[in-house]
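Kindly generate the complete structure, drawing on both the sequences and the hints.
Going by the numbering used here, the first residue of the sequence shown is number 5, and it counts up by one from there.
Think of the hints as simulated: they come from the structure by calculation, not from any bench. Among the hints, erroneous ones may be present.
Calculated cross-link-like contacts (lysine to aspartate or glutamate; reagent style DMTMM-like; alpha-carbon spacing at most 25 Å) [unchecked claim]:
{"hint": "1", "residue 1": "K313", "residue 2": "D182"}
{"hint": "2", "residue 1": "K418", "residue 2": "E379"}
{"hint": "3", "residue 1": "K74", "residue 2": "E44"}
{"hint": "4", "residue 1": "K360", "residue 2": "E294"}
{"hint": "5", "residue 1": "K437", "residue 2": "D138"}
{"hint": "6", "residue 1": "K208", "residue 2": "D182"}
{"hint": "7", "residue 1": "K374", "residue 2": "D138"}
{"hint": "8", "residue 1": "K54", "residue 2": "E385"}
{"hint": "9", "residue 1": "K413", "residue 2": "E319"}
Label pairs and their computed distance ranges (CB to CB) [as the list claims (entries may be wrong)]:
{"hint": "10", "residue 1": "M410", "residue 2": "G283", "range": "54 to 62 Å"}
{"hint": "11", "residue 1": "N315", "residue 2": "E385", "range": "25 to 33 Å"}
{"hint": "12", "residue 1": "Y394", "residue 2": "G283", "range": "38 to 46 Å"}
{"hint": "13", "residue 1": "T432", "residue 2": "E294", "range": "20 to 28 Å"}
Even glycine gets a Cβ: it sits at the ideal position worked out from N, Cα and C.
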Amino acid sequence: MGRDGYFKIKAMSEQIIIYAIVFLFCGIILLIYLVKLRKESSIVRKKVVKAKEDGLFEPVSLYPDINVNKCIKSGACIKACPEKDILGIMNGRATLINASQCIGHGACFHSCPVEAISLVIGTEKRGVDLPHIDKDFQTNVQGIYIAGELGGMGLIKNSVEQGQAAVENMLKAGFAEDPSTYDLIIIGAGPAGISASLMAKKHKLNFLTLEQESLGGTVFTFPRSKVVMTSPMHLPIHGKVQLYNTTKSELLELWQKVLSENNISIKEKTKVELISYEGDHFKVNTNTNEEFRAKKILLAIGRRGSPRKLNITGEESEKVAYRLLEPENIHNKDIVVVGGGDSAIEAALSLAKQNKVMLSYRSEAFNRIKPKNRELIQKAEKTGELSIKYKSNLLAVEKEHVTLAMEDKKVDLKNDLVYIFAGGELPTQFLEKSGVKITKRFGYTLKKYG
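As structure tokens, then:
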């Protein structure tokens, strides 16, 4: 073998060794990735099993639907979601975990680089009643628009965006010239209604905003310290607002400040009872015996409508309430809280700090509550901070006591206050009287979002 042949073989050997090292290195990286992927999938799989056991797997409102054939496993949706354990990676693809905890941020939808996520309301088994709304937020009744929670968007940021977008679409459609009527009547002064009011002011519309309770709508009914915002939002006229871990009080103060600076007044304690079409305009009648006329209507009233009543003796008593505003001002009372959802759990926990609280729930276990609330309520029960009566029903409210049905017997309990959290009733009758069609949607994919 000559000198050149020797060096040629040596060079080839070195190349083989280098390639072998590279392949070995790549193999090790691949192995580490596969082990990591398998471990992550195992963790997510256990979380899914736990969510199903806890009744948290089935979605109750807006939620992401993932097309696994489109998913490229980027994980962008999981990083973008402000909540925890709504989504996870299993077998290399995004999957739902605690679907019932999704509150419709839509961040996953916007972050997916290949549009593999759709936002859906209702499932194949559980339908959700929704009014008919087109891409411009207009209902089947020309001139009546819907924004916010009533249309399926419960998150504050989304409602704010929809209130603005609805008014923008009205402006594109135009308003008839008639100084004797309002251009727009906005019904509801929650996030969507406030945003729409600012947008109407910006474009110098002749408008009126009506609210059946107080500024903030549903937000006003939350406990003062409840965190209601976890991401920034854009308010018309005012601009971008940087809000993180913002409480109800802070948000209401912001809205009051912005409305005041722009000379916008909200007509509170005014409930709209009927919307009718008369000639070329709408006629709005209220519980205050007032009548207003408008060219267009925006419904931003939320889905709850009126609190669901138990229809029991004494329910009209002054000691009965359907919302808890300032628990820190209630001391040394015997209190019964009725309900098994997050609102009831949170109310019971906040009241238990300074009062004797009993939580009454008709089922044998809590379903579809936030994991943190489940942890806190179990701890409170274990330590005796409050008592829980499962499989119980409130039968009557008397001046100094309440009557509960528990295990085929009736029990009278000393009582000062009763808080009922039995949900709300969709204002179906009101909408139908206004001509707005409502359909039960099963797995309905939103055509327009955010």
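For this session: Can you let me know if the beta-carbon spacing of T432 and E294 is within 20 to 28 Å?
Result: 24 Å, holds
Exercise. Under the criterion that the straight-line Cα-Cα distance not exceed 25 Å, is the pair K74, E44 satisfied?
Worked result: It holds: about 21 Å lies between the C-alpha atoms, which stays within 25 Å.
For this session: Quickly compare the C-alpha distance for K418 and E379 to 25 Å and report which way the hint goes.
Result: 28 Å, violated
Problem set entry | Supplied distance hint 54 to 62 Å, evaluated on CB atoms of M410 and G283 | 58 Å, holds
Problem set entry | Pair hint K360 and E294, alpha-carbon separation not exceeding 25 Å | 44 Å, violated
Problem set entry | 25 Å limit on alpha-carbon distance, applied to hinted pair K437 and D138 | 20 Å, holds
Problem set entry | Status of the given 38 to 46 Å range, CB of G283 versus CB of Y394 | 57 Å, violated
Exercise. Between K208 and D182, is the straight-line Cα distance small enough, at 25 Å or below?
Worked result: Measuring from Cα to Cα gives roughly 15 Å; hence the hint holds.
Exercise. Hey, K313 versus D182, does the alpha-carbon distance stay inside 25 Å?
Worked result: With Cα atoms ~42 Å apart, K313 and D182 exceed 25 Å; violated.
Exercise. For the pair supplied as a hint, K374 and D138, is the alpha-carbon distance within the 25 Å limit?
Worked result: 33 Å, violated
Exercise. Does the structure keep K413 and E319 at a Cα separation of 25 Å or less?
Worked result: 21 Å, holds
Exercise. Taken at face value, is the distance from the CA of E385 to the CA of K54 at most 25 Å?
Worked result: It holds: about 21 Å lies between the C-alpha atoms, which stays within 25 Å.
Violated hints, in rising order: 1, 2, 4, 7, 12; the structure is consistent with all others.
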